[in-house]
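Peer 1: Residues per chain, in single letters:
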Amino acid sequence: MNIRNSSPVITLTTDFGTSDPYVAAMKGVILKINPETKIIDISHDISPQNIYETAYVLDKAWRYFPDGTIHIVVVDPGVGTDRNALVVKAANAFFIAPNNGVLTYVVDGPFEAVSITNPPFWNQPVSSTFHGRDIFAPVAAHLSLDTPLSEFGEPVTSLVTLPKTKPYFGSDGSLVGHVIHIDRFGNVITDISRDDVPRNPAIHVKNYVIEELSPFYAEGDELIALIGSDEKLEIAVKNGNAAESLNLSVGDDIVVRRKP
Amino acid sequence: MNIRNSSPVITLTTDFGTSDPYVAAMKGVILKINPETKIIDISHDISPQNIYETAYVLDKAWRYFPDGTIHIVVVDPGVGTDRNALVVKAANAFFIAPNNGVLTYVVDGPFEAVSITNPPFWNQPVSSTFHGRDIFAPVAAHLSLDTPLSEFGEPVTSLVTLPKTKPYFGSDGSLVGHVIHIDRFGNVITDISRDDVPRNPAIHVKNYVIEELSPFYAEGDELIALIGSDEKLEIAVKNGNAAESLNLSVGDDIVVRRKP
Amino acid sequence: MNIRNSSPVITLTTDFGTSDPYVAAMKGVILKINPETKIIDISHDISPQNIYETAYVLDKAWRYFPDGTIHIVVVDPGVGTDRNALVVKAANAFFIAPNNGVLTYVVDGPFEAVSITNPPFWNQPVSSTFHGRDIFAPVAAHLSLDTPLSEFGEPVTSLVTLPKTKPYFGSDGSLVGHVIHIDRFGNVITDISRDDVPRNPAIHVKNYVIEELSPFYAEGDELIALIGSDEKLEIAVKNGNAAESLNLSVGDDIVVRRKP
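Chains as they are written, first to last, in the numbering used here: chain A, 1 to 260; chain B, 1 to 260; chain C, 1 to 260.
None of these hints come from the bench; they were simulated from the model.
Be a bit skeptical, because a hint or two may be false.
To be verified - DMTMM-like, lysine to aspartate or glutamate: derived pairs with alpha carbons at most 20 angstroms apart: (1) K32(B) <-> E36(A); (2) K238(A) <-> D82(B); (3) K38(B) <-> D230(A); (4) K32(C) <-> D41(B); (5) K38(A) <-> D67(C); (6) K38(B) <-> D41(A); (7) K32(B) <-> D67(A); (8) K38(A) <-> E36(B); (9) K32(A) <-> D230(C); (10) K38(C) <-> D230(A); (11) K38(B) <-> E36(C); (12) K38(C) <-> D41(B); (13) K38(C) <-> D67(B); (14) K38(B) <-> D67(A); (15) K32(B) <-> D230(A); (16) K32(A) <-> D67(C); (17) K32(C) <-> D82(B); (18) K32(C) <-> E36(B).
Let the hints inform the model, and build the full structure from the sequences given.
Peer 2: Following this line, the structure appears as structure tokens:
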């Protein structure tokens, strides 16, 4: 089934930054093969080689794109080794990525996948250090021209996934969650869902206790907790940077108790 | 009157940065509703929640775009409060923004405006912290499909504006202007227009006096003054950073006298 | 001969950064004249006024774009002086740039060039500090509409070029190359080509000796040398920043000897 529309969208998520020629080279390769694509940057500012951060950012962006969008992900510390690279079709979208866990959150149901092993679609010679330009970009462009998945390589039935953090209940009945992302504003995003937060919550962060949920950022005068745009518990400081103020990092614990 | 062309342009001006998924989510939402739009970034590097800087950057960019361009602005410290959000038509362009002053410079004559109150055009559920994705982006996309302004909400007749700095004459007849922007090069842009500068000017900046206007950046050997690309008096250092060298900030005074 | 396709691509390479309105103003000017162009950023994060870095980044990106692509380059410390600005056609691509050396690597064979001297294609009034917006962008847009080169100005037969570094053989038979670029990852790219590296090489960098070429980044445990994506010798640190660890800068020597 062809689920793409007439003006195919290809997104890019990399750790390449924007001061080097790498991102532009990929875009040129795509446009040379299919000049009709719309290329959209998700981010090129992923921390170098941070697979976990990539998986998070991709997950919070891909779902808003039109059906049939092709998402290229190049955060690939294993480039050139025998790690395989994939084309995956899942949830009416396509993903082209190294098989290293960056798709952990996006592939959450049935999927079709192939390992990219068929050289005719690649740019020759293939650099051993830049598969983004020589393999991922041309494969994405050919995919946008309706080349079937099976042309790119052999079927794959299981994907590498990262361990997913999950909140758990401590021995005293408190809910222990984790910081999963810190955004540009210093807002601290956790893995605790809206439905996990009890009524009358007391949220413990480092040595502070937040005694209620605020409805939005502008509320409150200092440290606040609220449900963010991805339906998760978030810690913020009005007009400030919560992560810096509290010295919080990805992986840190956030504890929620019910007030007596 | 339909003033849009066949390939509608939507611009984005935010303080979201480019390492988080926020900007991409907005682009996805737009393309899902109208795949034919061209999305152009004005800037995502506005200092967090800096309404004044937003108003300046938007003003110096929007006027160069084709008639009918739709400019989305999401610098919105009051998101989720009862601040209203607007669709404004002015000077053959459209602006979708919180009503917090970011349009101070761009709406400078007659305008039509509505408060965005009509939920059918929004993404549901609407996050209280991310109206950019759930309200502004889908409204912009529907506007690009020729939905009339009146469909989005109730008419509004006055807009929030920021106090505009203006140069004034001091008691000794000198002209006192202000720093209104500092750019990436450290060039210091003032609110003093070309026509305000007297013949034979002496420009006083901190403890320095600049004795003439240079025609362009490459002229002179040290601290120079010139008329910049927006027709305002600018202070620069050849191959250097004037703002850092002189420790200048937005709001600082610049004094111009006529040489005897 | 018309070598452009129906959806012309215009790329931008500048030192403007992305927090000021300058890049967006150029894009608006282009779209106003030719709404059908696809505008692609090569980079706006060139170090301010760094002509050498511009020449390098442009060279590693332009060749991947479709035939007929128009590349605008605005790293232009001499803007407003009598330096001339050019439209160059070379190798089935077009370049619009100041004649200051930024095209050193891309124009490497026969070319046609004109000096941009014909005002009817410019935005009036022309700012003496922002030719990118008032001259380069409108000229590019008109070029994308098939205006012939000769309309923009008078023919030019020689271009300003930067001195090119080249590896040379030292008195002891060792090959002495130079650092020509440091990328976001801290990978150190040299001017030594794959074919210049002898069998059984010993690569001397500061006080370290690297005893072999690695096939890709993930190999090795510390400091490595490999052939990068532009077929040049590169120094890297696995999961680290080689340039910082070794305190290397552009221009530094890298010495390659043959092991006995």
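Peer 1: Sort out which numbered hints this structure fails and list those numbers smallest first.
Peer 2: Going through the list in order, the structure violates hints 3, 10 and 17 and respects the others.
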